[in-house]
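Protein chains: 2
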Amino acid sequence: MVIVPEGAIADLIDADASFEAVESVFAAMSRGDAYNFPVIREAIGHEDALYGFKGGFDKSGMALGLKAGGYWPNNLEKRGLINHQSTVFLFDPDTGKVKAMVGGNLLTALRTAASSSVSIKHLSRPDSKVLGMIGAGHQATFQLRTALKHRNFEKVIGWNYHPDMLPNIEKIATEAGLPFEAVDLPGMVEADVIISITSAFSASLMADHVSPGTHIAAMGTDTKGKQEVDAALVASATVFTDEVAQSISIGEAQHAIAAGTIKESDIAEVGAVINGTHKGRTSDDEITLFDGTGVGLQDLAVAAKVVDLAVEKGVAQRVDF
Amino acid sequence: MVIVPEGAIADLIDADASFEAVESVFAAMSRGDAYNFPVIREAIGHEDALYGFKGGFDKSGMALGLKAGGYWPNNLEKRGLINHQSTVFLFDPDTGKVKAMVGGNLLTALRTAASSSVSIKHLSRPDSKVLGMIGAGHQATFQLRTALKHRNFEKVIGWNYHPDMLPNIEKIATEAGLPFEAVDLPGMVEADVIISITSAFSASLMADHVSPGTHIAAMGTDTKGKQEVDAALVASATVFTDEVAQSISIGEAQHAIAAGTIKESDIAEVGAVINGTHKGRTSDDEITLFDGTGVGLQDLAVAAKVVDLAVEKGVAQRVDF
Chain A
1 MVIVPEGAIA DLIDADASFE AVESVFAAMS RGDAYNFPVI REAIGHEDAL YGFKGGFDKS
61 GMALGLKAGG YWPNNLEKRG LINHQSTVFL FDPDTGKVKA MVGGNLLTAL RTAASSSVSI
121 KHLSRPDSKV LGMIGAGHQA TFQLRTALKH RNFEKVIGWN YHPDMLPNIE KIATEAGLPF
181 EAVDLPGMVE ADVIISITSA FSASLMADHV SPGTHIAAMG TDTKGKQEVD AALVASATVF
241 TDEVAQSISI GEAQHAIAAG TIKESDIAEV GAVINGTHKG RTSDDEITLF DGTGVGLQDL
301 AVAAKVVDLA VEKGVAQRVD F
Chain B
1 MVIVPEGAIA DLIDADASFE AVESVFAAMS RGDAYNFPVI REAIGHEDAL YGFKGGFDKS
61 GMALGLKAGG YWPNNLEKRG LINHQSTVFL FDPDTGKVKA MVGGNLLTAL RTAASSSVSI
121 KHLSRPDSKV LGMIGAGHQA TFQLRTALKH RNFEKVIGWN YHPDMLPNIE KIATEAGLPF
181 EAVDLPGMVE ADVIISITSA FSASLMADHV SPGTHIAAMG TDTKGKQEVD AALVASATVF
241 TDEVAQSISI GEAQHAIAAG TIKESDIAEV GAVINGTHKG RTSDDEITLF DGTGVGLQDL
301 AVAAKVVDLA VEKGVAQRVD F
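Residue numbers (this note's numbering), protein chains in the order written: chain A, 1 to 321; chain B, 1 to 321.
What the hints contain is simulated information worked out from the structure, not anything from laboratory work.
Each residue gets a CB set at the ideal place from its N, CA and C atoms; glycine is no exception.
Where hints are given, some of them may not hold.
[As the list claims (entries may be wrong)] Estimated spans, in silico, between C-beta atoms of each pair:
{"no.": "1", "chain 1": "B", "residue 1": "G177", "chain 2": "A", "residue 2": "V315", "range": "54 to 64 Å"}
{"no.": "2", "chain 1": "A", "residue 1": "S265", "chain 2": "B", "residue 2": "E312", "range": "31 to 41 Å"}
{"no.": "3", "chain 1": "A", "residue 1": "M165", "chain 2": "B", "residue 2": "P38", "range": "55 to 65 Å"}
{"no.": "4", "chain 1": "B", "residue 1": "E264", "chain 2": "A", "residue 2": "H46", "range": "48 to 58 Å"}
{"no.": "5", "chain 1": "A", "residue 1": "V319", "chain 2": "B", "residue 2": "G225", "range": "52 to 62 Å"}
{"no.": "6", "chain 1": "B", "residue 1": "H162", "chain 2": "A", "residue 2": "P73", "range": "47 to 57 Å"}
{"no.": "7", "chain 1": "B", "residue 1": "P38", "chain 2": "A", "residue 2": "K129", "range": "41 to 51 Å"}
{"no.": "8", "chain 1": "A", "residue 1": "V319", "chain 2": "B", "residue 2": "D184", "range": "42 to 52 Å"}
{"no.": "9", "chain 1": "A", "residue 1": "M206", "chain 2": "B", "residue 2": "G32", "range": "55 to 65 Å"}
{"no.": "10", "chain 1": "B", "residue 1": "R41", "chain 2": "A", "residue 2": "D33", "range": "55 to 65 Å"}
Excised from the complex, chain A in its bound form (with noise of 0.2 Å):
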């Protein structure tokens, strides 16, 4: 079996293989090909961890695994380590034996701006030019990155709750040659495209705050009772995720779902519309948003990607097992 450990993630795989792998896996999961398993999550009533595993199959790629790993809050202030810690385990589809083990810190933030960008590339306005950022972490930084790359943007505009954190992003857009504005929340109505990013319990992005046009792909949503964007603007929108069932129960479409104002049918997978078989965004007018839950599918594609370079690149470390 192959070992990639942490570490060695960043000299093997970017923002655009990453890209490539998610968009690919978005297309077979819409085609049937590829399917998550349900999702196990648990609060191990230790460190006040969340701990748990996004498991699943891509019969087109061959990749069976999972990412097994959590949350650890108290990692960073205790013991200098990120709090976010996963590992993903890719298995022989063929023979049930262990094939992989690959460090998946990196890949999750990789492969979580992949996402975004993937509904960027197939939902937002060919002509958008201001990128509206909503949060200011690290995973915000990744967010950017992607995205940036996928449409010709001409400025990036910023808001988060803690303003302090915005140089994160600044930097980024700075480092692209762009101009970086701080703005409101009202400000975002010069956004051509927003990406949510946040951990946050209540809607930060009104109806009012976005213009018609706008793709919005709303990324901080995984958990029930997480909100980044009222209900009514998710409503007033053209919806699109990685996965409905996440979308409808942990997704930003929740409390839509909730309070009524959607169904479950309104909202098309990202993957149809990469396979041509939902028409995605229909007028300039429309406003499109993405809820991006993350599913464990990104993480084996990633992961896959990084052992199929690994090999290539005479890296691969070899265990016998």
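Assemble the complex: chain A is given as a structure, and chain B must be docked to it using the hints.
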């Protein structure tokens, strides 16, 4: 992290160490110090394989993780590999970082054998002399070998649907210096302890095959629809299990529960008997039945023991991860 490949397991852990680990984690479960996560089990639509995860956390033993793998029915014929394939992954409960990867195939056999023997130690009559085996496959040899350590058995009797497999278990009896006799099912009345370890979908063992005072360890039923013991016999016995939730849904008790002849509250955890919070067997005439369904915590317990032993003996293979 530590890696213990499948091939290294046999030299590290034996039936006794496995027994101790399983007895200890059953006790922890009943104290509320250890719990199993929901089981994921998926027919993946490739190679007719069943694949999934059994996870859990034992706070007293600080074992966190999962067993991943499943059943690949074509492995042996197509590839000369065993059909059951599994791997155990242990995580550090303090940090969420992966701690060990351990081959799970032999461990699964050992922990399943340990489970029936824990029930024999705590529920069978101390003067039990005749051990009855129903089933004579690979796993039956493990069950028998371990069981013989926990009572002073003087004879082994056995029945199998395919009688030509009986030499498998006769060999184990002979090695232990005990006479072996092939019997028909009614012949099981001679047994003081019966271990049933088949993958049948209808009952073999009926009420009139079992004498008063017998302990039955029903180990084969771990899926909806499987059955080894007639529901009327289950209803007439005092029923114990590893985990009540599994016993009533996928274990031997599922049929008596469905028939309404027993209820969930009639079933006790064997861990409660170990802890002394349940009285266990109360008379020499009582029929006790252990519904062994197999839980992830057993896998974590034996894998954690293997890692400790590997470190102790200086043979732990370490990988930077």
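* Does the Cβ pair G177/B, V315/A satisfy 54 to 64 Å? -> holds (56 Å)
* Take a look at whether the Cβ-Cβ distance between R41/B and D33/A falls inside 55 to 65 Å. => The hint (55 to 65 Å, Cβ to Cβ) is violated, given that R41/B and D33/A are roughly 21 Å apart.
* Range hint 41 to 51 Å: satisfied by the CB atoms of P38/B and K129/A? -> 47 Å Cβ-Cβ, so the 41 to 51 Å window holds.
* To do: With respect to the beta-carbon atoms only, verify the hint that V319/A and D184/B lie 42 to 52 Å apart.
  => holds (50 Å)
* Asked: Does the Cβ-Cβ separation between S265/A and E312/B fall within 31 to 41 Å?
  -> Violated: the Cβ-Cβ distance is about 59 Å, outside 31 to 41 Å.
* Asked: Quick one: are V319/A and G225/B within 52 to 62 Å, going by C-beta?
  -> Roughly 38 Å apart at Cβ, these two residues miss the hinted range, so it is violated.
* Distance restraint evaluation - M165/A, P38/B, Cβ atoms, bounds 55 to 65 Å -> violated (37 Å)
* Falls inside 47 to 57 Å, the C-beta gap from H162/B to P73/A? -> holds (55 Å)
* Using the C-beta atoms of M206/A and G32/B, is the stated range 55 to 65 Å upheld? -> violated (45 Å)
* Asked: Do the Cβ positions of E264/B and H46/A conform to the proposed distance bound of 48 to 58 Å?
  -> Given a distance of about 28 Å, which is not inside 48 to 58 Å, the answer is violated.
In summary, the structure is inconsistent with hints 2, 3, 4, 5, 9 and 10 from the numbered list given earlier, while agreeing with the others.
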